[in-house]
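J.: Sequence:
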Amino acid sequence: MKRFFYLILISSVLFTATSCKKKAAEETAAPTTATANGIPAGANDGVTFINSGKSAILNLYAPGKTSVYLIGDFNSWKVDSKYAMKKSTDGTRWWIQVDNLDPAVEYAYQYYIDNSIKVADPYTEKILDPVNDQYITSATYPNLKAYPAGSTTGIVSTMNYAQPAYSWTTTSFTKPDYKNLVVYELHVRDFIAAHNYQTLKDTLNYLVNLGVNAVELMPVNEFEGNSSWGYNTSFGFALDKYYGTKNAYKAFVDACHAKG
Numbered sequence: 003m004k005r006f007f008y009l010i011l012i013s014s015v016l017f018t019a020t021s022c023k024k025k026a027a028e029e030t031a032a033p034t035t036a037t038a039n040g041i042p043a044g045a046n047d048g049v050t051f052i053n054s055g056k057s058a059i060l061n062l063y064a065p066g067k068t069s070v071y072l073i074g075d076f077n078s079w080k081v082d083s084k085y086a087m088k089k090s091t092d093g094t095r096w097w098i099q100v101d102n103l104d105p106a107v108e109y110a111y112q113y114y115i116d117n118s119i120k121v122a123d124p125y126t127e128k129i130l131d132p133v134n135d136q137y138i139t140s141a142t143y144p145n146l147k148a149y150p151a152g153s154t155t156g157i158v159s160t161m162n163y164a165q166p167a168y169s170w171t172t173t174s175f176t177k178p179d180y181k182n183l184v185v186y187e188l189h190v191r192d193f194i195a196a197h198n199y200q201t202l203k204d205t206l207n208y209l210v211n212l213g214v215n216a217v218e219l220m221p222v223n224e225f226e227g228n229s230s231w232g233y234n235t236s237f238g239f240a241l242d243k244y245y246g247t248k249n250a251y252k253a254f255v256d257a258c259h260a261k262g
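For the sequence shown, our numbering gives the first residue as 3, with consecutive numbering after it.
A hint or two may mislead.
Label-pair distances were calculated between CB atoms; the ranges are [claimed, not checked]:
1. THR205 x PRO166: 30 to 36 Å
2. LYS88 x ALA260: 44 to 50 Å
3. GLN165 x THR139: 17 to 23 Å
4. ASN182 x ASN207: 17 to 23 Å
5. GLY93 x TYR168: 16 to 22 Å
6. ASP47 x TRP170: 25 to 31 Å
7. SER174 x SER153: 44 to 50 Å
8. GLU218 x THR172: 14 to 20 Å
9. LYS120 x SER140: 25 to 31 Å
10. ASP92 x SER118: 43 to 49 Å
11. SER118 x THR205: 46 to 52 Å
12. PRO105 x VAL185: 37 to 43 Å
13. SER69 x THR155: 17 to 23 Å
14. THR139 x THR94: 39 to 45 Å
Straight line, CA to CA, 25 Å or less: simulated DSS-like cross-link-like pairs of lysine-lysine [as the list claims (entries may be wrong)]:
15. LYS89 x LYS56
16. LYS67 x LYS80
17. LYS248 x LYS261
18. LYS120 x LYS89
19. LYS252 x LYS203
20. LYS147 x LYS252
21. LYS84 x LYS67
22. LYS120 x LYS243
23. LYS147 x LYS67
24. LYS177 x LYS203
25. LYS177 x LYS56
26. LYS203 x LYS120
27. LYS261 x LYS177
28. LYS88 x LYS56
29. LYS147 x LYS80
30. LYS243 x LYS203
31. LYS147 x LYS88
Calculated from the structure, these hints are not laboratory results.
Please read all numbers here as calculations on a predicted model, not as lab measurements.
We put the CB at the ideal spot given by N, CA and C, even for glycine.
Please construct the entire structure, taking both the sequences and the accompanying hints into account.
T.: Listed below in structure tokens is the structure:
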């Protein structure tokens with residue numbers, strides 16, 4: 003009887019589905035009209051890339067605020083009137099279009115609100131942490147972008163048009179009937195000493211030998227600190243870098259499906 007190896011993801015299911023939808027929207031053509039709210043048509047929450055990644059529209063929901071500036075790599079982290087965000091007609095959103103971007107460059111940025119608060123984009127798919135990133139090894143996350151120390155403070159969001167693609171090897175996977183599931187719930191950090199997706203992928207045969215056909219990961223979204231079970235989620239659309247890259251995560255999912 004054929005055995006299926008099914009991956010169940012707590013919290014990250016929403017991340018994966020929404021992220022794919024968001025990515026498709028980011029690759030639309032340049033908006034040519036404005037909505038009734040004054041925001042360019044096609045601009046989603048967070049970042050919407052246009053002009054093949056040479057421009058981006060950033061859209062932040064921040065009602066009741068008097069001013070919002072965009073600061074980041076592209077303006078040396080300075081408060082600049084050229085990067086003052088426009089308020090929507092109903093006063094709930096702030097937006098700006100940034101041009102002359104290099105599609106191959108990963109940019110770090112924040113929102114500077116009411117001349118007092120610096121915040122990362124809640125829709126970002128990756129953050130930089132001035133305290134916790136130092137504990138992430140290059141083996142777990144190669145070529146991690148450095149935090150802009152000395153230029154800003156607090157959590158920083160990133161945007162990257164030319165993200166490396168992942169080629170799925172298992173395309174015909176069918177999940178088993180829920181009545182036949184043998185589920186193993188695990189926490190990436192506590193299950194293996196190396197606490198990364200690559201090592202977790204290498205242990206799948208151990209789970210198969212136990213008779214397991216489904217892995218249930220505890221939350222892998224970005225959370226406060228590095229030592230947590232993940233239920234204190236801080237950025238719901240970002241994978242926690244402590245476990246590895248986005249493509250390493252996809253490779254783990256792919257390997258689970260290949261056990262069918």
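J.: Would the hint linking LYS147 and LYS67 be met if the CA-CA limit is 25 Å?
T.: violated, 31 Å
J.: Should the hint that SER174 and SER153 are 44 to 50 Å apart at their CB atoms be regarded as holding?
T.: Hint holds: Cβ distance 48 Å, inside 44 to 50 Å.
J.: Hey, LYS147 versus LYS252, does the alpha-carbon distance stay inside 25 Å?
T.: Since the Cα atoms of LYS147 and LYS252 sit roughly 20 Å apart, the hinted pair holds (cutoff 25 Å).
J.: Take the C-beta atom of SER118 and the C-beta atom of THR205, compute their distance, and say whether it sits inside 46 to 52 Å.
T.: Cβ of SER118 to Cβ of THR205: about 47 Å, so the range 46 to 52 Å holds.
J.: Between LYS147 and LYS80, does the CA-CA distance stay at or below 25 Å?
T.: holds, 20 Å
J.: Starting from the hint 37 to 43 Å, judge whether the C-beta atoms of PRO105 and VAL185 obey it.
T.: holds, 41 Å
J.: Confirm or reject the claim that GLN165 and THR139 have a C-beta distance inside 17 to 23 Å.
T.: Taking Cβ atoms as reference, GLN165 and THR139 lie about 21 Å apart, which means the hint holds.
J.: Starting from the range 39 to 45 Å, see whether the pair THR139 and THR94 falls in it by beta-carbon distance.
T.: Given a distance of about 42 Å, which is inside 39 to 45 Å, the answer is holds.
J.: Using the beta carbons of GLY93 and TYR168, state whether their distance is inside 16 to 22 Å or not.
T.: violated, 40 Å
J.: If you draw a straight line from the CA of LYS248 to the CA of LYS261, is it 25 Å or shorter?
T.: Answer holds: LYS248 to LYS261 is near 21 Å, not above 25 Å.
J.: Please work out if LYS67 and LYS80 have their alpha carbons no farther apart than 25 Å.
T.: holds, 20 Å
J.: Between ASP92 and SER118, does the C-beta distance stay in 43 to 49 Å?
T.: 23 Å Cβ-Cβ, so the 43 to 49 Å window is violated.
When each numbered hint is compared with the structure, violations occur for hints 1, 5, 10, 23, 25, 26, 31.
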